[in-house]
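The whole structure should be built from the sequences, with the hints applied where relevant.
Going down the list, the sequences are from chains Z and W.
All the letters of the first sequence, read from the start, carry residue numbers 1 to 340 under the working numbering.
All the letters of the second sequence, read from the start, carry residue numbers 341 to 630 under the working numbering.
None of these hints come from the bench; they were simulated from the model.
You may find that some hints are simply not true.
As the list claims (entries may be wrong) - No more than 20 Å apart at the CA atoms, straight line, and that leaves these computed lysine to aspartate or glutamate pairs for EDC-like:
{"#": "1", "chain 1": "W", "residue 1": "K614", "chain 2": "Z", "residue 2": "D132"}
{"#": "2", "chain 1": "W", "residue 1": "K452", "chain 2": "W", "residue 2": "D462"}
{"#": "3", "chain 1": "W", "residue 1": "K614", "chain 2": "Z", "residue 2": "E233"}
{"#": "4", "chain 1": "Z", "residue 1": "K10", "chain 2": "W", "residue 2": "D390"}
Please read all numbers here as calculations on a predicted model, not as lab measurements.
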Amino acid sequence: MPVPREYVVKRLLLLVFVVIGVLVITFVITRIIPARPEFLWAGPHATEEQLKRARQELHLDEPVHVQLYYYLLDFFRGNWGVSWRTRLPVLNDLLTALPATLELVIVAFLLASLIGIPLGIYSALRYGRIADQIIRVLTILGASVPVFWIALIFQTAIGIWAGVLPAGKRVDDYLAYITGFKPITGFYILDSIIQGNLPVFIDVLRHIIMPAFVLSIYPLSLSSRMSRSLMIEVLNENHVRSLEVWGVPQKTILFKYALRNVIVPVIASLGLSFGYTLVGAFMVELIFVWPGLGYYAGMSLLSYDYPAIIGVVILVALFYSLINLVVDLIHAWLDPRVRF
Amino acid sequence: MSELILYLNIIRRNPIYLAGLVIVSLFVVVGLIAPYILTRPGDAWGLTYDINKRLSPPSLEHLFGTDEYGRDLFNRVLLGTRFSLVIGVGVVALSLAIGIPVGLIAGYVGGKAGTALMRVTDMFLAFPPLLLAIALAATFGRGLSNTILALSLSWWPWYSRLIYLQVSSVRNLPYVDAAKVIGISEARIMFRHVLPNSLTPVITQATLDIGSAILEASALSFLGIGVPPPTPEWGLLVSSGWRLISVAWWVSFFPGLAIVITVLGFNLLGDAVKELMDPRLRNLLSMRRV
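Here is the structure:
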């Protein structure tokens with residue numbers, strides 16, 4: 001069913017309000033911190049005079065709402081303020097770090113759907129049998145594991161002890177140097193394909209597979225559990241059962257009638273778990289020395305770099321809201337029961 | 341009450357559910373008595389150290405080995421149960437304390453105030469769950485109560501929305517109309533009739549969320565913005581072994597395992613409850629954390 005334009009416009013307007021709300025909430029909470037960022041800005045050996053000037057430059061002596069005004073000014077000028085740590089426009093920093101995180105998250109989601117959905121469907125088809133029970137327990141386990149812990153275990157066991165896969169970073173710097181690999185889009189998988197650089201392509205895959213798998217454990221469990229319960233539901237519906245009675249082969253029932261009722265909601269729920277996974281990526285990045293948003297956020301947190309922290313939070317919240325919007329629209333488009 | 345006995349009977353017959361029940365009960369009991377059964381309380385609270393024994397691998401004397409200060413990890417993990425219990429229950433209780441009034445007023449009173457409250461709720465829901473908690477925890481600084489506060493402030497909107505949906509459906513039921521007709525005051529209807537009949541799914545969900553709260557609190561501690569050292573909080577213990585993991589795997593391994601088992605217990609139990617509940621409730625519950 002086509003989605004009415006008014007609905008899309010309404011949702012987009014709501015998105016703008018949400019982002020502004022997020023911005024204000026984040027700004028206010030970061031300004032409650034009693035840290036003294038002027039020391040960071042003026043350097044370790046700053047004189048009283050320089051500190052005073054730093055306070056003025058950062059508008060720290062103004063009331064919070066005036067500070068917010070200055071920040072909004074920066075935000076809409078398009079640089080999102082200047083990072084107090086790197087002294088570069090925050091938006092620059094964020095856009096440099098973003099592709100690394102997105103590449104990681106996208107690969108993780110591919111793994112989650114390619115492994116999770118078939119696993120859940122298989123589990124449903126073996127309902128109540130031993131295979132079903134094992135898969136169920138494994139997926140509940142997958143949803144219970146702290147991502148930072150399992151990341152450490154994988155890194156140590158596979159990366160350091162067994163030495164089968166690299167224990168961190170995105171690509172072997174030496175290999176990239178001698179083969180003349182240059183990042184263009186920042187998505188290294190894509191970049192190495194564009195440049196026809198096979199050794200780097202393989203190296204990039206070897207680097208990404210472990211952190212991406214670790215990150216995919218939660219969404220993988222989620223998609224497997226959801227596709228299992230949806231599949232069981234669908235197989236018990238009257239229209240599917242009557243197909244069975246008519247003697248339609250099970251394969252046809254499965255692939256032609258049941259599957260489409262499972263895949264759409266599962267993909268939608270995966271979309272909604274995007275925000276959670278993005279934050280999980282922060283910890284995975286810190287552990288695997290992955291130069292993305294999480295690594296940047298971790299460093300910013302340590303140095304009380306407010307503009308950078310706000311920038312990360314807003315960017316992630318923006319992504320999260322956009323994905324939610326897209327999921328809702330796709331849902332509305334595919335599911336005629338959704339009313340506006 | 342008889343329903344509870346029925347549930348327990350069903351849980352007892354399924355080994356998976358039973359495991360969940362056993363883990364959760366054990367967690368609660370150990371959490372309550374942990375400070376009194378420590379064999380090395382000084383090690384557990386982080387007051388003593390023995391540099392000669394630093395980083396000794398697991399043995400009969402030190403079941404989980406020792407950390408970089410030579411403190412017995414088994415005792416530290418054991419005491420960590422208490423902290424996880426306090427954090428888990430604290431986060432859920434505080435979130436309910438904020439979420440229930442907001443959802444109740446928005447759902448029952450409605451009008452402009454109700455809409456405004458739900459808009460605020462939506463705004464908080466626009467943050468990815470853990471992200472807001474990270475921003476808040478970084479702001480408040482390290483500490484047990486700060487961690488609980490930061491997590492609760494990012495957590496309550498889920499309950500407020502859940503109770504809002506419940507209240508909106510309950511308030512249109514005939515017995516509420518009947519109460520109005522016989523002249524019972526609005527406040528009395530709201531607190532004595534609507535609220536108790538809307539609470540069950542929220543309280544159930546909140547109880548099962550204790551596992552997730554523990555998981556998120558451990559993430560905050562791991563990032564260095566949760567509970568401060570030398571508190572033996574599990575996430576913090578994992579983080580303290582981070583840089584040593586290739587020489588002393590046990591420092592990070594056992595505290596992490598404690599998190600996994602505890603959260604697994606709550607999730608298994610949650611699965612059981614969701615299967616046992618009627619479909620109407622199941623739909624409501626599945627909204628959380630999709």
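Results for each hint:
no.	hint	verdict
1	K614/W <-> D132/Z	18 Å, holds
2	K452/W <-> D462/W	15 Å, holds
3	K614/W <-> E233/Z	15 Å, holds
4	K10/Z <-> D390/W	64 Å, violated
In the structure shown, a violation is registered for the earlier hint numbered 4 alone.
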